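So the sequences go chain by chain: R, X and U. Residue numbers for the first sequence follow our numbering, beginning at 8 and rising by one. Residue numbers for the second sequence follow our numbering, beginning at 8 and rising by one. Residue numbers for the third sequence follow our numbering, beginning at 8 and rising by one.
Hints in this document: simulated from the structure, not taken from any laboratory. There may be inaccurate statements among the hints.
With a straight-line Cα cutoff of 30 angstroms, these simulated BS3-like cross-link-like pairs (lysine-lysine) come out [said to hold, decoys possible]:
#: 1; chain 1: X; residue 1: Lys54; chain 2: U; residue 2: Lys179
#: 2; chain 1: R; residue 1: Lys54; chain 2: X; residue 2: Lys276
#: 3; chain 1: R; residue 1: Lys54; chain 2: X; residue 2: Lys54
#: 4; chain 1: U; residue 1: Lys108; chain 2: X; residue 2: Lys179
#: 5; chain 1: U; residue 1: Lys189; chain 2: X; residue 2: Lys54
#: 6; chain 1: R; residue 1: Lys276; chain 2: U; residue 2: Lys179
#: 7; chain 1: U; residue 1: Lys278; chain 2: R; residue 2: Lys106
#: 8; chain 1: X; residue 1: Lys54; chain 2: U; residue 2: Lys154
#: 9; chain 1: U; residue 1: Lys54; chain 2: R; residue 2: Lys276
#: 10; chain 1: U; residue 1: Lys105; chain 2: R; residue 2: Lys106
#: 11; chain 1: X; residue 1: Lys189; chain 2: R; residue 2: Lys179
#: 12; chain 1: U; residue 1: Lys108; chain 2: R; residue 2: Lys105
#: 13; chain 1: U; residue 1: Lys278; chain 2: X; residue 2: Lys179
#: 14; chain 1: X; residue 1: Lys179; chain 2: U; residue 2: Lys276
#: 15; chain 1: R; residue 1: Lys179; chain 2: X; residue 2: Lys179
#: 16; chain 1: X; residue 1: Lys154; chain 2: X; residue 2: Lys179
#: 17; chain 1: R; residue 1: Lys278; chain 2: U; residue 2: Lys278
#: 18; chain 1: R; residue 1: Lys108; chain 2: U; residue 2: Lys179
#: 19; chain 1: U; residue 1: Lys189; chain 2: U; residue 2: Lys179
#: 20; chain 1: X; residue 1: Lys189; chain 2: U; residue 2: Lys106
#: 21; chain 1: X; residue 1: Lys189; chain 2: R; residue 2: Lys54
#: 22; chain 1: R; residue 1: Lys179; chain 2: X; residue 2: Lys54
#: 23; chain 1: R; residue 1: Lys90; chain 2: R; residue 2: Lys278
#: 24; chain 1: U; residue 1: Lys189; chain 2: X; residue 2: Lys179
#: 25; chain 1: X; residue 1: Lys276; chain 2: X; residue 2: Lys154
#: 26; chain 1: R; residue 1: Lys54; chain 2: X; residue 2: Lys154
#: 27; chain 1: R; residue 1: Lys154; chain 2: X; residue 2: Lys105
#: 28; chain 1: X; residue 1: Lys54; chain 2: U; residue 2: Lys276
#: 29; chain 1: X; residue 1: Lys189; chain 2: U; residue 2: Lys105
Values in this document were obtained by computation on a predicted structure and should not be read as measured data.
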Amino acid sequence: MKRPLGRRELLADAGGLVLCTLAGQELLRDRGTDVEELAAGVEIPPKVRAAQAEGLDPATSRTMLAAAGGPAREYWIRAEPIKSWDVVPNGRDAMMGKKVKGKTTFAAFGYRAYSANFAEALGPASIPGPLIEAEVGDTVIVHFQNKLGAPVTIHPHGITYSDDMDGAYKGKFTDPGGFVQKNETFDYVWEAVEGTQGFWVYHDHGPMDPLPLYKGLFGPLLIRDPSEPRPTAEFFCGFHSFLPVTTGIDRAFYCINGRAYAGNTPTCKSKVGDDVAFYVYALDDDFHTFHIHGHRWRTEGDGRVVDNVPLGPGDSLTARFTEDNPGRWFYHCHVFSHLHEGMNGWYLVD
Amino acid sequence: MKRPLGRRELLADAGGLVLCTLAGQELLRDRGTDVEELAAGVEIPPKVRAAQAEGLDPATSRTMLAAAGGPAREYWIRAEPIKSWDVVPNGRDAMMGKKVKGKTTFAAFGYRAYSANFAEALGPASIPGPLIEAEVGDTVIVHFQNKLGAPVTIHPHGITYSDDMDGAYKGKFTDPGGFVQKNETFDYVWEAVEGTQGFWVYHDHGPMDPLPLYKGLFGPLLIRDPSEPRPTAEFFCGFHSFLPVTTGIDRAFYCINGRAYAGNTPTCKSKVGDDVAFYVYALDDDFHTFHIHGHRWRTEGDGRVVDNVPLGPGDSLTARFTEDNPGRWFYHCHVFSHLHEGMNGWYLVD
Amino acid sequence: MKRPLGRRELLADAGGLVLCTLAGQELLRDRGTDVEELAAGVEIPPKVRAAQAEGLDPATSRTMLAAAGGPAREYWIRAEPIKSWDVVPNGRDAMMGKKVKGKTTFAAFGYRAYSANFAEALGPASIPGPLIEAEVGDTVIVHFQNKLGAPVTIHPHGITYSDDMDGAYKGKFTDPGGFVQKNETFDYVWEAVEGTQGFWVYHDHGPMDPLPLYKGLFGPLLIRDPSEPRPTAEFFCGFHSFLPVTTGIDRAFYCINGRAYAGNTPTCKSKVGDDVAFYVYALDDDFHTFHIHGHRWRTEGDGRVVDNVPLGPGDSLTARFTEDNPGRWFYHCHVFSHLHEGMNGWYLVD
């Protein structure tokens with residue numbers, strides 16, 4: 008049974024060295040991959056090709072129009088290259104009081120919010136993308152335009168939509184919304200019906216998934232219940248990693264909102280008496296936990312008192328509490344190696 | 008303190024290259040192991056040897072007889088070799104619209120259901136094994152016969168049993184039900200008392216565990232509450248992996264019910280208005296999540312609305328909802344590398 | 008884009024070979040690191056230096072005094088070296104009925120309980136540290152003294168405290184309680200206010216975290232609600248690992264309370280009719296599950312019936328049930344490789 012280990016075997020499935028196979032190519036976690044180059048080999052799915060050939064505007068060929076009955080919330084969002092995203096803009100790991108050595112910038116992807124009809128950018132392309140927000144009863148329309156060299160999409164969690172609006176690549180069954188090519192536009196129509204209220208995520212689910220997501224194509228989606236009081240201080244914290252496979256940098260960064268290390272990750276600020284909500288989600292290959300020093304909250308649903316909760320990829324949660332403890336606190340992932348590779352931030356209470 | 012890294016150190020604990028030590032041998036995740044050959048070196052535990060020497064039928068030497076008071080549900084199940092199990096029978100990854108290259112068959116193990124007294128097979132040996140089903144109040148009797156060259160067992164979760172009926176190898180304390188040798192039979196008696204209703208799993212827990220399980224020896228166990236309405240559409244989805252250590256194939260497959268990639272994994276079908284239940288479980292070395300596109304459900308117990316939930320090894324859950332969204336949907340594990348190595352399937356709603 | 012893989016890349020982020028960077032040095036999971044040597048390069052934070060320069064007793068310079076109003080519970084705890092901690096004192100893996108080969112001892116760290124004013128040790132330094140116990144309304148004062156060659160701390164979960172009492176290193180913002188040097192003492196004052204009742208953990212969170220924790224600096228913290236009945240049998244089970252990085256031993260041990268393999272891990276004993284509580288927590292880089300054979304319990308909060316639950320790093324839970332099933336049972340982590348590397352124990356019911 009025994010034979011010498013080849014390098015392929017040494018690498019294969021070594022808890023992550025092989026990330027997965029994509030577009031016929033084996034991806035290694037630790038080695039840079041050019042997503043746009045890899046995308047060049049992907050065939051256009053038949054329904055997408057047919058729609059193009061007939062000159063259909065995919066945005067109007069959708070089978071379902073919104074039926075939620077409430078007002079429409081419209082977003083104009085572009086997927087754009089970010090020439091040089093700095094994971095550690097201030098160059099420091101404030102938790103450890105150290106400089107962060109080595110390269111911290113790479114060519115990323117970002118979702119970018121625009122004003123109506125893409126008239127003007129509302130800010131730079133960012134990681135994560137803009138908050139998509141609605142109230143129960145709303146129809147959400149996302150006018151999505153792709154400026155990247157690979158087909159990408161927007162796939163939302165939690166909200167209601169027909170299957171051609173799910174933004175998922177499905178091989179030969181792919182609808183136009185699951186394969187939005189460079190310079191094309193697709194209008195996603197989703198409905199925030201009763202029962203969808205809560206905190207969710209959205210992310211690319213196109214044919215190159217998870218690489219575009221791992222370069223930055225994800226964001227928060229919040230559906231508010233208008234009959235419930237709004238938090239007076241709220242924070243959106245996306246837990247994810249930048250791996251060598253998409254950064255080309257010879258180390259992994261464990262990040263919150265595209266940045267690593269306290270002072271670069273969001274510094275969340277509140278004051279005593281605030282009705283605080285942390286909206287937390289995870290979107291990478293790992294499991295994380297969300298922990299805040301000096302605070303506890305009741306979990307949604309069952310009301311158990313906790314100060315640390317697990318999060319798998321695609322999970323989202325709300326940690327809500329009345330602030331009563333001033334000071335300088337950490338919030339972080341309690342997986343120690345993630346904490347020390349950057350997955351921590353300041354929470355400052357006046 | 009510094010010294011050069013040896014290959015042993017390079018491999019050791021590299022997030023999985025060393026799986027574990029078993030029967031005195033170090034197992035590598037990435038390298039085939041012959042379970043039956045390895046089992047040859049395992050000693051017969053004293054209580055098992057004594058029962059054999061005295062000519063006792065282990066099935067009648069049990070210390071406890073069923074006391075649940077309800078009717079008995081009898082199952083006849085054999086553990087059998089599966090000469091060539093194909094993980095990807097149609098050869099395709101429908102999510103990515105690609106052929107799956109390389110070897111996809113291996114010599115697996117399966118539980119196989121028989122009619123009374125093993126008169127005739129009710130179907131082929133399968134991965135996972137047959138559904139074991141009961142109602143609250145039932146006594147479940149599983150007549151278990153082993154046709155494999157390694158001692159194996161059936162260990163159930165959730166249901167009630169005395170400790171000699173737990174199907175677990177316990178070193179020198181092992182009861183006959185924890186070490187069922189080739190061509191031997193053991194009758195497991197379990198009781199579906201009040202409080203055990205719900206969805207659970209069963210799996211091998213013999214002396215070679217987890218290798219026989221990793222070759223296919225696991226299955227679903229459902230205890231129904233007769234006072235509750237039955238779902239009108241129900242699906243059993245076991246999330247697990249086939250690793251090189253038990254397949255000898257130079258890659259890992261991330262599977263649902265023994266198959267990888269949509270079109271090979273279960274294609275679940277329902278219609279609008281159905282009372283749908285997905286019974287989902289995980290049984291390998293990894294954590295997974297269960298996600299369905301376009302759907303939400305309330306978690307058991309606390310009723311939180313979710314569309315993605317984490318599952319550790321041995322966990323089982325029911326995702327139940329009234330179907331209201333027709334179309335072609337994916338259900339999948341949201342760990343991206345698992346998703347792309349096959350852990351996804353179609354959910355089709357009319 | 009392609010270039011040959013260097014050894015650094017081969018190792019980097021291979022699912023754990025690189026644990027993290029600490030004090031400017033890259034730590035490998037698989038290679039011993041001398042914590043005290045590494046600590047020598049860490050600068051004393053400005054607030055700690057200032058307090059020393061002014062001759063302040065950090066224990067009295069705290070900004071907050073306890074306001075819980077209830078009686079004070081005082082603990083005297085020292086962090087001490089444990090010259091030779093044996094992970095497998097009886098040398099056997101009782102689950103597999105095998106001797107455990109190779110080295111099982113290493114130079115560990117432990118928290119050690121003393122009588123008032125450190126007059127005398129109440130037992131040896133242990134892994135985990137002593138139970139810190141309080142009732143709702145109590146003020147907990149932990150007089151903490153460090154006898155190790157690296158600055159360490161005590162950081163509690165769940166209980167209330169001001170930010171200078173959180174025992175966390177915070178770079179230049181570090182308070183004296185977040186950097187307790189060799190031979191120094193710090194008095195932590197924490198308050199078990201209403202809402203903090205439950206089971207929690209404490210652990211080192213100083214500048215060398217997680218290495219001192221990975222050598223043994225963690226323990227259980229229980230806040231009882233005096234209006235609730237006490238369990239008649241209770242067990243504290245810390246799930247963690249000893250990795251080569253802190254042991255220098257060429258393998259990982261998956262442990263419960265500092266020991267690996269049934270017979271070395273806690274053998275928990277109860278009798279039929281007992282009101283049983285298992286207090287379980289996880290504190291390493293991995294996710295675990297807690298499973299007991301032959302038993303079920305209702306989760307805290309939502310009351311779902313389970314026999315296996317996931318635990319992330321920093322999580323803690325109570326599994327409570329009325330004992331009705333005599334026999335010899337296993338409790339264990341259901342991640343199979345952890346189970347087989349030692350994370351299992353006996354539960355004996357009379």
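Hints the structure violates: just list their numbers, smallest first.
Numbers 1, 3, 5, 7, 8, 10, 11, 12, 15, 17, 21, 22, 23, 24, 25, 26 - these are the hints that the structure violates, sorted from lowest upward.
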